[in-house]
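Whole structure, please, built from the sequences with the hints as guidance.
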Amino acid sequence: MNNLVFLKKGTNQNKNLFLIHAGNGEIQPYILFCSSFSPEINCWGLRADRFNDFSPKNRSISSMAKSYIKQIKKIQPEGPYLLAGWCFGGVRAFEIALQLESSGEKVDFLSIINSAPPIINDRKRIHMVNNYALLELSNDPKKKTRFNLETEKKLICKWLARANISSISDKLSNNEEYFWKNFVEIFNASKHQKDLMEIIKKDIPKDRAKAIPYFDSINFQNLIYYLNVMRTDANAQAFYVPTKKVKVKVDFFEANGSLVKRKNDWNLYLNQPIKTYLVKGDHFSIFNTGYMEEFARLFDEIMNRVVK
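Under the working numbering, the first residue of the sequence shown is numbered 134, with each subsequent residue one higher.
No lab work stands behind these hints: they were computed from the structure.
Each hint should be verified, as a subset may be incorrect.
Unchecked claim - In the SDA-like style, the derived pairs of lysine to any residue whose C-alpha atoms are separated by at most 25 Å in a straight line are:
1. 339 <-> 390
2. 394 <-> 253
3. 334 <-> 249
4. 277 <-> 297
5. 339 <-> 279
6. 142 <-> 440
7. 203 <-> 182
8. 199 <-> 400
9. 142 <-> 210
10. 287 <-> 270
11. 335 <-> 312
12. 190 <-> 286
13. 190 <-> 335
14. 382 <-> 170
15. 291 <-> 278
Here the structure is a predicted model, which is why all the values come from computation and not from measurement.
Spelled out as structure tokens, the structure:
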């Protein structure tokens, strides 16, 4: 699958910035952001795999990064590489940099944009799994949870019970690969759809709801699609532990309206202390017109200090 989207054409084919998707799997915030960068820079967005069956996936940050590197190398076979990621994308960009360096490649620029560092606290891991992946953690907080037919049936049956339509559970498929697609098909034209959507939305944390495009007016199948993209992301994020430190200096862009509480924990995984730049706006508005222009100028300036 090709996850790359060409965002901006530059004048130098050897200068490519790869921007990694956030938790919703999309790269739209980067489109306008890239447009004011230096003319020589090519910009590519890496979006998540399309979930055509609507099902959450059992993936790791490491395996995602490995897949993305294969695609990056089709555009740029060798370094030095330029990488950036916002939100959960910052962790992916970090792991991509780590794997590239481990294979002998050079990374010249790694920008992490308002991203929380990997989880090192069991309480926070439990919170991520329970509230973002919508799974139940086992007795061992370090034992990775997995999506399967049982976990998904349990979640949907909980929603159906809240909507007082538990009888519909008999119509759910017992085929794990078809389960979520079947669920979407059942409710796409159901008179219970509106009530069920309101119940599902209540299970989505507010910060995740902001990441879902057109959350207030979204249709049923798109709600399920983005929910399970983000559940996949959250479960992978909860159990990610870097295997070593990166050599490249990390430029950390932090929204002054949404400060990252554990920002300095990034230093546990860096050979050089993190360099922080405050930008105006909150976690989402930094990419909106009115804030984005100043942020883009600063980002471009910092990137050009290292791009030869």
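Going down the list of hints, with the structure as the test:
Note on residue 339 and residue 390: the hinted pairing holds, with a Cα-Cα distance of about 16 Å set against a maximum of 25 Å. Between the alpha carbons of residue 394 and residue 253 the distance comes to roughly 13 Å, so the proposed pair stays at or under 25 Å and holds. Between the alpha carbons of residue 334 and residue 249 the distance comes to roughly 24 Å, so the proposed pair stays at or under 25 Å and holds. Among the hinted pairs, residue 277 with residue 297 is inconsistent with the structure: their alpha-carbon atoms are about 32 Å apart, more than 25 Å.
Our distance criterion of 25 Å between C-alpha atoms is met by residue 339 and residue 279, whose separation comes to about 24 Å. Using a Cα cut-off of 25 Å, the hinted pair residue 142 and residue 440 holds, with the two alpha carbons roughly 16 Å apart. Between residue 203 and residue 182 the alpha-carbon distance is near 14 Å, which keeps this suggested pair within the 25 Å criterion. Between residue 199 and residue 400 the CA atoms are separated by roughly 23 Å; this keeps the pair inside 25 Å, and the hint holds.
With a C-alpha separation of about 18 Å, the suggested pairing of residue 142 with residue 210 holds against the 25 Å cut-off. For a cut-off of 25 Å, the pair hint linking residue 287 to residue 270 stands: about 14 Å separates their Cα positions. For the hint linking residue 335 to residue 312, the alpha-carbon distance of about 22 Å falls within 25 Å, and the restraint holds. For the hint linking residue 190 to residue 286, the alpha-carbon distance of about 15 Å falls within 25 Å, and the restraint holds.
In summary, the hint linking residue 190 to residue 335 is supported, as the alpha carbons are separated by about 22 Å, within the 25 Å threshold. About 21 Å separates the Cα atoms of residue 382 and residue 170, which keeps this hinted pair within 25 Å; it holds. About 19 Å separates the Cα atoms of residue 291 and residue 278, which keeps this hinted pair within 25 Å; it holds.
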